[in-house]
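J.: Spelled out, the chains give:
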Amino acid sequence: MNTLDDIRALVAALAQAPLPEDPEASLFEAGVIDSFGVMDLVAQLEARFALKVPDEDMLPRKFESLSKIAAYVASRKA
Amino acid sequence: MPSILGFGACLPPRVVTHEELAERLGVEPGWILEACGIRERRWAQEETVVDLAEGAAREALSAGGLRPGDLGAIILGTGTPQRQFPGVSAELQRRLGCPGIPAFDVHLASSGGMVALCLARELCRAYGPVLAVGAERMSDIVQRDFVKETAILFGDGAGAAVVSPAEGPLEILEALWAADGDFASDLCLDSGGPLKMNGRTVIMQANRKLVATVETLLARAGRRTGEVDLFVFHQANLNLLRQVARTLGVEASKVPITLHRYGNTSAASVLIAAAEAWKEGRFHFGSLGLLAAFGAGFSWGGMLVEAR
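From first to last, the protein sequence lines are chains A and B. As numbered in this note's numbering, residues 1 to 78 make up the first sequence, in order. As numbered in this note's numbering, residues 79 to 386 make up the second sequence, in order.
Please note: incorrect hints may appear among the correct ones.
[Claimed, not checked] Examples of chain B residues lying across from chain A (beta carbon under 7 Å, computed):
1) Gln160
2) Arg278
3) Thr279
4) Ile281
5) Asn285
6) Arg286
7) Thr303
8) Leu316
9) Gln321
[To be verified] Computed Cβ-Cβ distance ranges for the label pairs, DEER-style:
10) Arg61(A) to Asn317(B): 19 to 25 Å
11) Trp109(B) to Ala12(A): 25 to 31 Å
12) Thr3(A) to Arg92(B): 51 to 57 Å
13) Gly327(B) to Leu4(A): 28 to 34 Å
14) Pro107(B) to Thr3(A): 42 to 48 Å
[Said to hold, decoys possible] Pulled from the structure, derived: some chain A residues nowhere near chain B, Cβ distances all over 12 Å:
15) Thr3
16) Leu10
17) Ala12
18) Ala15
19) Asp22
20) Asp40
Just so you know, these hints were derived from the structure itself, not from any lab. Small disclaimer: the values here were computed from a predicted structure and weren't measured. We treat Cβ as the ideally placed atom computed from N, Cα and C, and that holds for glycine.
Throw the hints in and build the complete structure from the sequences for me.
T.: In structure tokens:
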């Protein structure tokens, strides 16, 4: 399973609506996740990928879509 | 070590229910409850922000066994002053009849009451007992641009506390306050304009900063989360309060909620919630209490107290 698939599975477990097929689609606009769900998602990402999301990265745009989340995780693991 | 001598609160009598707001906004009453959980809030009629501040201040002074003449300074947090200047604190000082001491406003909205309290802890060492107040007429703001997203959230009111440099019923163990101006535009009110709020950023940052504030205060004091009996937070959003409590591993019974009755009263909310907890005897002998707030700026602060 690659990182994007991993992230898709994490988001699916928290999703309030069906996940969009397009990894670029906004999870907020699709109703998949809200401001509170994204906090839970960050906690899951930190645990799954053994990383720490600093306060300055707690911005909606960094977790807007599956691809943005994957890019963020990659940047933190690099 | 400085201590809090007593709290006070003042809410205007006019109750605005979610049913009344639903009718005015053209939405279902259930939508309001689902969106924010606020059943009612108080909206001032003829009461000014100074009237509300004075009511809370006099109650706090009485609770602390002080007269206005005993005060060494007045600090007032508000985001809704009735005049650009002088501050609400000036008129409050005149009404209380205690000239010749420092009196100033902290213009910080939701964290204003908390920061006033933190500043009181510092200034009381130099000036003697300090009155810290948070007072708001948020209804003026929401009725200026009457939209459902904000109209349902806010209420009016004031809370106050008296801080002494000497021993008292609530010893202040630790306090902190901070700000990050990078987020200045994410929650703001331009002169004469509508309230602007980037809700997702506010929630994400508030969660992080409130949790960090609690953890930092406890670490400094060498205490653990489980030792705290009462967590009095700024009453902004029920889901946010629940999530912060969950992140900290705190049971809901330790987090007083006034939001569903008063709405978000901005700078006043943490002091109003503390005043209610005080009146209910929840700061019982030997207990630890933690107050924390987050607001525009972003700015945030907190205080750890121990009941003596």
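J.: Take the hints in turn and mark each one as holding or not.
T.: So, going through the hints one by one against the coordinates:
At about 33 Å, the closest approach between the beta carbon of Gln160(B) and any beta carbon in chain A exceeds 7 Å, and the interface hint on this residue is violated. Here the hint on Arg278(B) is kept, as its CB sits about 4 Å from the closest CB of chain A, short of 7 Å. A least Cβ separation of about 6 Å between Thr279(B) and chain A falls short of the 7 Å threshold, and the interface hint therefore holds. The interface hint given for Ile281(B) is met, as the beta carbon of that residue sits about 4 Å from the closest beta carbon of chain A, less than 7 Å.
The interface hint given for Asn285(B) is met, as the beta carbon of that residue sits about 5 Å from the closest beta carbon of chain A, less than 7 Å. Restraint check, Arg286(B) versus chain A: the minimum CB separation of about 5 Å is within 7 Å; hint holds. Interface hint at Thr303(B): violated, since its Cβ lies 17 Å from the closest Cβ of chain A, which is beyond the 7 Å cut-off. Below 7 Å, beta-carbon pairs count as interface contacts, and Leu316(B) has none with chain A, the closest being about 11 Å; its hint is therefore violated.
With a cut of 7 Å, the hint placing Gln321(B) at the interface with chain A holds, because the nearest CB-to-CB distance is about 6 Å. Under the hint 19 to 25 Å, the C-beta atoms of Arg61(A) and Asn317(B), about 21 Å apart, fit the expected range. The hinted range of 25 to 31 Å is satisfied by Trp109(B) and Ala12(A), whose Cβ atoms lie roughly 28 Å apart. Between Thr3(A) and Arg92(B) the C-beta distance comes to about 55 Å, which sits within the given range of 51 to 57 Å.
Taken as a hint, the range 28 to 34 Å holds for the pair Gly327(B) and Leu4(A), whose Cβ atoms sit roughly 32 Å apart. The beta-carbon spacing between Pro107(B) and Thr3(A), approximately 45 Å, falls within the hinted interval of 42 to 48 Å. Distance to chain B confirms Thr3(A) as a non-interface residue, since its nearest Cβ pair spans about 22 Å, more than 12 Å. Taking the minimum C-beta to C-beta distance to chain B, about 17 Å, the non-interface status of Leu10(A) holds against the 12 Å cut.
Non-interface call for Ala12(A) relative to chain B: holds, since the shortest CB-CB distance, roughly 20 Å, exceeds 12 Å. The non-interface label for Ala15(A) is consistent with chain B: the shortest C-beta to C-beta separation is roughly 17 Å, beyond 12 Å. Every C-beta of chain B lies more than 12 Å from that of Asp22(A), the closest at about 20 Å, which supports listing it as non-interface. Not every beta carbon of chain B lies more than 12 Å from that of Asp40(A), the smallest distance being close to 8 Å; the non-interface claim is violated.
Checked against the numbered hints given earlier, the structure breaks hints 1, 7, 8, 20 and satisfies all the rest.
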